[in-house]
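Asks: Residue numbers (our numbering), protein chains in the order written: chain U, 1 to 379; chain B, 1 to 258.
If you are wondering where the hints come from, they were derived from the structure by calculation, not from laboratory data.
Ideal placement from N, C-alpha and C gives every residue a C-beta, glycine not left out.
It is possible that some hints are incorrect.
Listing some non-contacts, in silico: residues in chain B with all C-beta distances to chain U over 12 angstroms [as the list claims (entries may be wrong)]:
| hint | residue |
| --- | --- |
| 1 | Asp12 |
| 2 | Trp26 |
| 3 | Ala141 |
| 4 | Glu192 |
| 5 | Pro241 |
If the Cβ cut is set under 8 angstroms, some of the chain U residues that face chain B in the computed set are [stated by the list, open to error]:
| hint | residue |
| --- | --- |
| 6 | Phe3 |
| 7 | Leu5 |
| 8 | Asp7 |
| 9 | Ala260 |
For lysine-lysine, the following PhoX-like pairs were computed, each having C-alpha atoms within a straight-line distance of at most 25 angstroms [unchecked claim]:
| hint | chain 1 | residue 1 | chain 2 | residue 2 |
| --- | --- | --- | --- | --- |
| 10 | U | Lys58 | B | Lys198 |
| 11 | U | Lys266 | B | Lys30 |
| 12 | B | Lys232 | U | Lys58 |
| 13 | B | Lys229 | B | Lys63 |
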Amino acid sequence: MDFELTDEQQLIRDAVREFAQSEVAPIAAEVDRDHRFPAEMVPRMAELNIMGLPYPEKFGGAGADQVSYMVAAEEIARACATTSVILLAHASLATYPVYKFGTDAQQERYLHDMASGRRLGAFALTEPGAGTDAGAGTTTATLKGDEYVLNGSKIFITNAPFAEIYIVFAKTDPAQGTRGMSAFIVEKDTPGFSVGEAEHKLGIRGSSTPPLYFADCHIPRDALLGGEGDGFKIAMQTLDGGRIGVAAQAVGIAQAALDAAVAYAKERVQFGKPIAALQAVQWMIADMATQVDMARLLTYRAAWCEDTGRPYGTEGAMAKLFASEAATRVCDRAIQIHGGYGFTESYPVERNYRDAKITELYEGTSEVQRMVIARSYLR
Amino acid sequence: MRIVVAYKWTSDPEEATARADGTVDWSRAKPGLSTYDPVAMELARQLAGEAGAELIGVTVGGKGVGAPIASKAALGRGLDRVVIVEDESLREAGRAELAAVLAEAIRHIGDVDLVITGDSSVDVAAKMVPTVLAGELGWPAVAEVTAVSGQAGALRVERAIPGGVQVLEVSGPAVLAASADAAAPRVPGMKELLAAAKKPVELLELAALKVPQQNAVMTVVGRARPERKARKGQLIDTADPAAAAAELVAALRAAGAL
Chain U
1 MDFELTDEQQ
11 LIRDAVREFA
21 QSEVAPIAAE
31 VDRDHRFPAE
41 MVPRMAELNI
51 MGLPYPEKFG
61 GAGADQVSYM
71 VAAEEIARAC
81 ATTSVILLAH
91 ASLATYPVYK
101 FGTDAQQERY
111 LHDMASGRRL
121 GAFALTEPGA
131 GTDAGAGTTT
141 ATLKGDEYVL
151 NGSKIFITNA
161 PFAEIYIVFA
171 KTDPAQGTRG
181 MSAFIVEKDT
191 PGFSVGEAEH
201 KLGIRGSSTP
211 PLYFADCHIP
221 RDALLGGEGD
231 GFKIAMQTLD
241 GGRIGVAAQA
251 VGIAQAALDA
261 AVAYAKERVQ
271 FGKPIAALQA
281 VQWMIADMAT
291 QVDMARLLTY
301 RAAWCEDTGR
311 PYGTEGAMAK
321 LFASEAATRV
331 CDRAIQIHGG
341 YGFTESYPVE
351 RNYRDAKITE
361 LYEGTSEVQR
371 MVIARSYLR
Chain B
1 MRIVVAYKWT
11 SDPEEATARA
21 DGTVDWSRAK
31 PGLSTYDPVA
41 MELARQLAGE
51 AGAELIGVTV
61 GGKGVGAPIA
71 SKAALGRGLD
81 RVVIVEDESL
91 REAGRAELAA
101 VLAEAIRHIG
111 DVDLVITGDS
121 SVDVAAKMVP
131 TVLAGELGWP
141 AVAEVTAVSG
151 QAGALRVERA
161 IPGGVQVLEV
171 SGPAVLAASA
181 DAAAPRVPGM
191 KELLAAAKKP
201 VELLELAALK
211 VPQQNAVMTV
221 VGRARPERKA
231 RKGQLIDTAD
241 PAAAAAELVA
251 ALRAAGAL
């Protein structure tokens, strides 16, 4: 068993770290403070071929593997959690369904633009009454002649309204429950499709997550992704991969908090010596470092499963469950090590702490991850 | 135009630690391109972009400099191919010997119009190799280069000198050592890094190069930290700003600072 990253994975990590530390980290505090969507990062990441890192070159991607993509996501999250979620929602949630389920015509029309990062994507599943119970959505898609007509609403849609391409889940047959759900590709500015006001959130404050409204929104029949009734399966399969990305994001946030705590512990002098000399602090750092390492190993393992054609649903759920809860714990300890200063905006750990929490919630709460894991063991 | 960039595969200084006696412990540092070499590569790329040129990386050293990751790291920064002399006997070689081997490798490549190097290596920092290399090739050496433009045989080179910039026209092949801040190395794109594995790597045998014997041997016989002056701890009462300023000026004069 080889625990080393390959040459390519190491070089990708080093290059993305160089980009993240020199260009993304300097704007992270301001993006958070001003709740600002860092739009300038999208073309920049596209220029570096990061926006479609795991997609084949013939589709405009970089042709890297999933492990490389997770390594890159972690490095960006370490600098700025907001920027990492823009990338992950675009590449893992919006681009994946087109890549995996799109017809030749749909791929021709959308995939190159998405994988190259020229057009930003969003994934619209969640509704006011359908979060964890994703199958309970009430947005409908009614076939009328050569068009589908969408009616309903979505909430917490990452990348709206900056995204141009939306993967929208709607019921073509509400009576069938989850089996009546279908997926559609909807373009921005389609009449009847509007975006609401942004949410003000605890963390990832620069990430734009407004509601979407569909009022007699007519879309062409060929906007259907996959077949009628395939929507729930498409959503779940997309989220299986997406949650590995969230795990990588959690690892990045936790690593940033750990780095800050280590640096602070070495500099802060109390009782005549750095607090790093105190066993209480040493044990906190030891526990934090171990948690971050465990989270990273689980994340890489899940990505490796995906790369090698192995099943990865349970592994992804384990990675996301552990990494997200570890990130929250590590960030909490990082503030503890900083003492009162950690509670102020002068130090980055309070932002890491606020950013970490979302990783326990989106793309399936920790409770959902536990359901997925338990089901695989108790089948 | 054919441009050679001489690079060094060494270690990441972020992970090196200083021992109490002032020497550096590189044992836990992970390998990487010497810090200023990407600046040289960037300068070469900018010139190649303008002039249309082949960019060839050359490196020499002990076991490890020919490792695939070393070549990929260099090739991922815009080089078209690399030529490597990897021989364990070079691990402890002096700067002059390394420069002589580099010169042979460059002769082997042939028809080279320009060699660009980094300012100095991050681990040894002797600042000797570019000059000795130029001597071995019989070419001029220019250090502290901040910009280079033009074509083979008609290069325009800018060089930082105290208080200004010197502009040179260089009509023949030369060795240019890029100043540490000559250019901001661009971040390698993901496609560039993944394509690096497909670019040519040529390994040369040291014995086959017939490097001339080096006669001067240099050995580091001592090193010392700069002497630290004790702080004066002189406090000036600033209740009267004019008087305080006068007292400060007098104190600075007495200390030889003004």
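Asks: If a hint holds in the structure, say so; if it does not, say that too.
Replies: Taking the hints in turn, this is what the structure says about them:
1. Asp12: violated, 9 angstroms
2. Trp26: holds, 18 angstroms
3. Ala141: Per Cβ check, Ala141(B) is outside 12 angstroms of chain U; nearest 30 angstroms; holds.
4. Glu192: It is violated; Glu192(B) is separated from chain U by about 8 angstroms at its closest Cβ, not greater than 12 angstroms.
5. Pro241: holds, 31 angstroms
6. Phe3: Hint violated; Phe3(U) Cβ to chain B Cβ min 15 angstroms, cut 8 angstroms.
7. Leu5: The hint is violated - Leu5(U) has no Cβ within 8 angstroms of chain B, the shortest such distance being about 10 angstroms.
8. Asp7: holds, 4 angstroms
9. Ala260: violated, 16 angstroms
10. Lys58(U) x Lys198(B): holds, 17 angstroms
11. Lys266(U) x Lys30(B): holds, 23 angstroms
12. Lys232(B) x Lys58(U): violated, 69 angstroms
13. Lys229(B) x Lys63(B): The given pair, whose Cα atoms are some 44 angstroms apart, is violated under the 25 angstroms limit.
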